[in-house]
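Peer 1: From first to last, the protein sequence lines stand for chains A and B.
Going by our numbering, 127 is the number at position 127 of the first sequence; the sequence numbering is gapless.
Count along the second sequence from 1, add 508, and you get the number used in our numbering.
No lab work stands behind these hints: they were computed from the structure.
Treat the hints with care, since some could be wrong.
Claimed, not checked - Examples of chain B residues lying across from chain A (beta carbon under 7 Å, computed):
id	residue
1	Thr549
2	Leu553
3	Thr573
4	Pro576
5	Ala578
6	Val581
7	Leu590
8	Val591
9	Val592
10	Arg639
Said to hold, decoys possible - Computed beta-carbon distance windows for the label pairs:
id	chain 1	residue 1	chain 2	residue 2	range
11	B	Ile690	A	Leu460	41 to 49 Å
12	A	Ala126	B	Cys691	34 to 42 Å
13	B	Arg692	A	Ala123	33 to 41 Å
All residues carry an ideal CB built from backbone N, CA and C; glycine is no exception.
Here is what each chain is made of, one letter per residue.
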Amino acid sequence: MTGERVACLLAPDFPVAVCLRADPSLRLKPAALAENDFDAAPIIAVNHAASRAGLLPDMTLAQAGTLCPGLVVRVREITREIEESNAIFKKLQRFSPFVEETSPGKFFLDAAGLTLLHRSEAAFAARIIAAIRPLGYPVKVGIAKNRFVAETAARVSGAVPYTIIPSGRERTFLENLPVADLPLSPETRAMLHDLGLKTIGQLAAFPANEMTRRFGREGTALSRLARGDDTDATFSPAEPSDDELSNEIHLVSPIYTAGAVTSYVRQLLSPLLGALGKFSRGCGCVTIMLELDNHTQQNLPVTVERPTLSVSRFLRQLLPLLAGFKLSAGVTGIKVTIPEAATLLSEQLAFSSNEKISSPERTIDSDLIYVPQLCAAILPEQKFSLAPFSPRNTDRRPRTMEDRQPADGLRACVMGNVSGLRLLQPPRRIEITTTDSRLREAGIGRHRQPIRRYHGPWELSGGWWSVDFNRLYYEIQIGDDRSSSHRQLYLVFFERTSSRWFLQGIFD
Amino acid sequence: MAETAPAFSTGLPELDALFPLRGIPYGQLIEITGGVSSGKTSLLLKLLAHLTRTGVAAYIDFSSTFFPSAAAVSGVDLTRLLVVKPDSRPTDRVKTGLRTAELLLRNQTVNVIVFDLVGEKQVLPIVLLHRLRLKTVRARALTIFLTENNSEIIPSSMASLRLEVLRSGSDRLKVHLTKSRICREGTQAEVLL
Numbered sequence: 001m002t003g004e005r006v007a008c009l010l011a012p013d014f015p016v017a018v019c020l021r022a023d024p025s026l027r028l029k030p031a032a033l034a035e036n037d038f039d040a041a042p043i044i045a046v047n048h049a050a051s052r053a054g055l056l057p058d059m060t061l062a063q064a065g066t067l068c069p070g071l072v073v074r075v076r077e078i079t080r081e082i083e084e085s086n087a088i089f090k091k092l093q094r095f096s097p098f099v100e101e102t103s104p105g106k107f108f109l110d111a112a113g114l115t116l117l118h119r120s121e122a123a124f125a126a127r128i129i130a131a132i133r134p135l136g137y138p139v140k141v142g143i144a145k146n147r148f149v150a151e152t153a154a155r156v157s158g159a160v161p162y163t164i165i166p167s168g169r170e171r172t173f174l175e176n177l178p179v180a181d182l183p184l185s186p187e188t189r190a191m192l193h194d195l196g197l198k199t200i201g202q203l204a205a206f207p208a209n210e211m212t213r214r215f216g217r218e219g220t221a222l223s224r225l226a227r228g229d230d231t232d233a234t235f236s237p238a239e240p241s242d243d244e245l246s247n248e249i250h251l252v253s254p255i256y257t258a259g260a261v262t263s264y265v266r267q268l269l270s271p272l273l274g275a276l277g278k279f280s281r282g283c284g285c286v287t288i289m290l291e292l293d294n295h296t297q298q299n300l301p302v303t304v305e306r307p308t309l310s311v312s313r314f315l316r317q318l319l320p321l322l323a324g325f326k327l328s329a330g331v332t333g334i335k336v337t338i339p340e341a342a343t344l345l346s347e348q349l350a351f352s353s354n355e356k357i358s359s360p361e362r363t364i365d366s367d368l369i370y371v372p373q374l375c376a377a378i379l380p381e382q383k384f385s386l387a388p389f390s391p392r393n394t395d396r397r398p399r400t401m402e403d404r405q406p407a408d409g410l411r412a413c414v415m416g417n418v419s420g421l422r423l424l425q426p427p428r429r430i431e432i433t434t435t436d437s438r439l440r441e442a443g444i445g446r447h448r449q450p451i452r453r454y455h456g457p458w459e460l461s462g463g464w465w466s467v468d469f470n471r472l473y474y475e476i477q478i479g480d481d482r483s484s485s486h487r488q489l490y491l492v493f494f495e496r497t498s499s500r501w502f503l504q505g506i507f508d
Numbered sequence: 509m510a511e512t513a514p515a516f517s518t519g520l521p522e523l524d525a526l527f528p529l530r531g532i533p534y535g536q537l538i539e540i541t542g543g544v545s546s547g548k549t550s551l552l553l554k555l556l557a558h559l560t561r562t563g564v565a566a567y568i569d570f571s572s573t574f575f576p577s578a579a580a581v582s583g584v585d586l587t588r589l590l591v592v593k594p595d596s597r598p599t600d601r602v603k604t605g606l607r608t609a610e611l612l613l614r615n616q617t618v619n620v621i622v623f624d625l626v627g628e629k630q631v632l633p634i635v636l637l638h639r640l641r642l643k644t645v646r647a648r649a650l651t652i653f654l655t656e657n658n659s660e661i662i663p664s665s666m667a668s669l670r671l672e673v674l675r676s677g678s679d680r681l682k683v684h685l686t687k688s689r690i691c692r693e694g695t696q697a698e699v700l701l
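Extracted from the complex, chain B is given alone in its bound form:
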């Protein structure tokens, strides 16, 4: 891995300020959640834009709604992004996606894995999530789950950080830390896209 810093800067100073290390420590499972049009995808792409400057990301597109043009507008370097389409295995797509992520992490191919689970109904198997967390820690990577509000497909014990996103204007978002094991819970930041 190219990164040696203990934490990953999100590229959003207001958000970084919430964490003692001025960024999210590596090895975390993060859930970004919000309602329809809340801005969660915009926030995610902003994070990816910053991360793909130095690292490689994998986007596991369960919802099949990833729009590379929008990612490029957000600043994501598409040459440093892999898109995984588990839909090609419709019978076992969740497991396929998780296994693929685990392999990418195990081989230190990527620095961040994104699970786009918007619209997904199936609860993720806890066995595979445990393994994923272990691999994320070992690879000093980040795993981000993008979910819809109240979807509850990520068992609450698994994510070490949950960011709930609310839109506060056409280009402003409020980010609430509704759960955190790495900093104080209940804090919030307003970020400009």
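Just chain A, with the same shape it has in the complex:
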């Protein structure tokens, strides 16, 4: 296998699956899932029995109740969905070091190179499914060169548990699928219909520049997706414009309930996060501004634990805010703003080999990577510092003569080679036995051992203006003196101010 490979694990109708798992008896009754239990609330999903009774998603509960009087209605439990999704996420981390959850029930795994472990991608997919099945979710897996094709493969796989699209066959796989399988806005879908473009293959054959002229950036992205090239569309280095980071609605008649506000926030937030996903970005905070009919405004900042594209995660945080928030007047307008796009899932690394980073700190957390710099100091542990990596300080050169001679204080070493010194930070407390000012035994490790040879002392003192120190340094050798291969050489010091022995380093 060559090149990048992405696996998508999809739990179809995840909200319904979570509900059915909690109450398996619903499988036999006509049941529907809704955002809330108001009569005007739209149905999100229905089970097979309800579907046979003529119920469809997007019907209101009032309409559904009329058609099917015995209908069981369950309100969507966002918290449970997130918990269940987290459980799947943890299982998937066993299979790939890079797992991303773009929304509850939808996961992407970096599958490059894993055939070394699993023989084939089919075996890899089968093992993922076998691992998730005990959790009670009928999942589908798609493996392809990029995210869009992998997700589509998982979604359209039908009764087959997994679908694998070999690299180079993306366009062939997509060409007979309907254009509705592309991420389209309703307006674009209508225009494509008017143009007579029904399948993705037809859209792929449509000139790309014409798609751009008619549909702008969305047309460019669609054209690439239709050709099976998801790289630019998903991992675009461009930043979303300000227009793509806010969305608002003005209501004809005021609303007074938290449930209704939540429903509108969902409608406004979904396209914003969808657009953000095209830039491979997420967000960790959104601001919800409510316009009230007494001509005042209320701002509700909603933050989540990590940058995400999941609307549900924001709604889970919003619900308690609204519960504690008394609507003093009717809400006449809602504006949802994303203050800042963030790197998606900061603890994970974006898995696009095409993204050549000139500065690793963009994707590696800055608290991990450092550039060593030498300092003019007396104590060994102060002779260097580790500066957080930045392209600016990589070219830094020693500036003073003292910097150029960093180990002067240690050049007196005679037994050990200073070039192989491993420094313990902070120095470790040890016990050394002395007799008549001669070093006899050292307690390094589990047992006390006789000191075969030693050199020293060399004195380092000073620092009365900050931290007083007065050290007597020794190099000691323990272990078998006859065989150089069993000698152990250490740098130790006696701190006069505290009358204690410390292990400073190991010559290796």
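Please build the complex by placing chain B on the supplied structure of chain A, with the hints as guidance.
Peer 2: Same frame as chain A, but now just chain B:
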């Protein structure tokens, strides 16, 4: 990558002579092992000194004992060295280190990655090692594991070369090739630091 030669010269002629290409071929996972004070760190820093003349190295300091002053004395160009401190994530430091290494290799930021695993007890996850090997091959880089004798934290199938270091004098080391997929096993060289 700046290097176009098929192999990386260690800068130690006696060691280079053990390999048919007069150096270690790129894309290998190498384990340097030895007891306390055996000279394994000295050897590693000598290799890094030669490599940082032309490339960039990353030192993943699991043991938190890396001493930049000693590296500078050995000739390592510190301006071409990145130090990764996975200790800032104590709960998952091994995985953090491996993932960071993989990302650095993937983006061809460095030519060599060093894992200082002296004193480390946790066995490295084989899944991540497989991926690391793949990235090392693709990036035409070298990955070096520095371990203690008999630590067995690197599964034996993973390293293509194991160098066991013994001190034979204050500035001389014996380097045994106890495992090799790229040259004859069992050979040894005596190198001068």
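Peer 1: Hint by hint, which ones does this structure get wrong, listed from lowest number up?
Peer 2: Those not satisfied: there are none.
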